[in-house]
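Participant: Note that the numbering used here gives residue 85 to position 85 of the sequence shown, counting from 1, and the numbers run on in steps of one.
Simulated from the structure, these hints should not be mistaken for lab results.
Bear in mind that the values here come from a model prediction, so they are computed numbers and not experimental data.
Ideal Cβ positions, reconstructed from N, Cα and C, are used throughout, including at glycine.
Be a bit skeptical, because a hint or two may be false.
[Claimed, not checked] Pairs of lysine-lysine residues, derived as DSSO-like cross-links and limited to a Cα-Cα distance of at most 27 Å, are as follows:
1. Lys43 x Lys74
2. Lys88 x Lys65
3. Lys35 x Lys88
4. Lys74 x Lys88
5. Lys17 x Lys56
6. Lys43 x Lys56
7. Lys43 x Lys65
8. Lys17 x Lys65
9. Lys78 x Lys10
10. Lys10 x Lys70
11. Lys17 x Lys70
12. Lys10 x Lys56
13. Lys35 x Lys70
14. Lys43 x Lys70
15. Lys35 x Lys10
16. Lys88 x Lys17
17. Lys135 x Lys70
18. Lys56 x Lys135
19. Lys120 x Lys135
20. Lys74 x Lys17
21. Lys17 x Lys43
[Unchecked claim] What follows is a set of in silico ranges between Cβ atoms, one per label pair, in the way DEER data are often shown:
22. Ile133 x Lys10: 40 to 50 Å
23. Gly11 x Phe58: 40 to 50 Å
24. Cys3 x Leu28: 17 to 27 Å
25. Asn76 x Ser12: 31 to 41 Å
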Amino acid sequence: MQCIFCEIVKGSISAYKIFESENFLAFLDINPRSKGHCLVIPKQHYQSLLEMPEDKIFGLFNVTKHVANKIISKLNAKAFNICINNGKDAGQVIPHLHVHIIPRYGEDRDVAIEAILPVKEELKNKLPEIANILKG
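Model the full assembly from the supplied sequences, consistent with the hints where possible.
Facilitator: Here is the structure:
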């Protein structure tokens, strides 16, 4: 099966494009969570952020910042969430790296990461242990 985002890059599937450069593309999400919810993708296929070369990651986040600024200024969003789902267990549906920019307009302040992933109190006591594992 072809990657739907690669097909959008090739132009064989249409999308509501809002930004395009030599290496990146941004378009409106067809399942919007809010007005202006969009995706920023690299034109080259990478399944996850971990596959993307470090020198390209800078460009991805520059474009993400540029598009987020447009959303704030042109749609009058008050804030925004940035999200990358890496892997099926993290909720990644399309296996092509993409950054969600989800504009926020103030009416849904209680819908944030806390609502999706509540704090796990039992992990608070394990922070030193986890930090040592990750440092090593």
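Participant: If a hint holds in the structure, say so; if it does not, say that too.
Facilitator: How the hints compare with the structure:
Between Lys43 and Lys74 the alpha-carbon distance is near 25 Å, which keeps this suggested pair within the 27 Å criterion. For the proposed pair Lys88 and Lys65, the alpha carbon gap of about 26 Å is at most 27 Å, so the pair holds. The hinted pair formed by Lys35 and Lys88 meets the criterion: a straight-line CA distance of about 26 Å does not exceed 27 Å. Annotation: proposed proximity of Lys74 to Lys88 is violated, straight-line Cα distance about 33 Å (limit 27 Å).
The suggested pairing of Lys17 with Lys56 holds, with an alpha-carbon distance near 21 Å, which does not exceed 27 Å. Only pairs whose Cα atoms come within 27 Å are accepted, and Lys43 paired with Lys56 is accepted, the gap being roughly 11 Å. A threshold of 27 Å between alpha carbons decides the hint, and for Lys43 with Lys65 the separation of about 17 Å falls inside it, so the pair holds. Proximity of Lys17 to Lys65 is assessed by CA-CA distance (about 16 Å); at most 27 Å being required, the pair is judged to hold.
Proximity of Lys78 to Lys10 is assessed by CA-CA distance (about 34 Å); at most 27 Å being required, the pair is judged violated. Of the supplied pair hints, the one linking Lys10 and Lys70 holds, its CA atoms being roughly 24 Å apart against a limit of 27 Å. A distance of roughly 13 Å separates the Cα atoms of Lys17 and Lys70; the hinted pair therefore holds under the 27 Å criterion. Of the pairs offered as hints, the one joining Lys10 and Lys56 holds, with about 20 Å between alpha carbons and a cut-off of 27 Å not exceeded.
For the hint pairing Lys35 with Lys70, the CA-to-CA distance comes to about 13 Å; that is within 27 Å, so the pair holds. A C-alpha spacing of about 20 Å is found between Lys43 and Lys70, which places the hinted pair at or below 27 Å, so the restraint holds. Restraint check for Lys35 and Lys10: the C-alpha separation of about 26 Å stays at or below 27 Å, so the hint holds. Distance hint between Lys88 and Lys17 is fulfilled; the C-alpha atoms sit about 26 Å from each other, no more than 27 Å.
Restraint check for Lys135 and Lys70: the C-alpha separation of about 38 Å exceeds 27 Å, so the hint is violated. Between Lys56 and Lys135, the direct Cα distance comes to roughly 25 Å. Compliance with the 27 Å bound is thereby established for this hinted pair. With a C-alpha separation of about 22 Å, the suggested pairing of Lys120 with Lys135 holds against the 27 Å cut-off. This hinted pair checks out: Lys74 and Lys17 have alpha carbons roughly 15 Å apart, not beyond 27 Å.
Proximity of Lys17 to Lys43 is assessed by CA-CA distance (about 13 Å); at most 27 Å being required, the pair is judged to hold. For the hinted restraint 40 to 50 Å between Ile133 and Lys10, the CB-CB distance of approximately 43 Å keeps it satisfied. As the Cβ distance of Gly11 to Phe58 is approximately 26 Å, the hint placing it in 40 to 50 Å is violated. Between Cys3 and Leu28 the CB atoms are about 18 Å apart, so this pair conforms to the stated range of 17 to 27 Å.
Between Asn76 and Ser12 the Cβ separation comes to about 34 Å, which falls inside the hinted range of 31 to 41 Å.
Checked against the numbered hints above, the structure breaks hints 4, 9, 17 and 23 and satisfies the rest.
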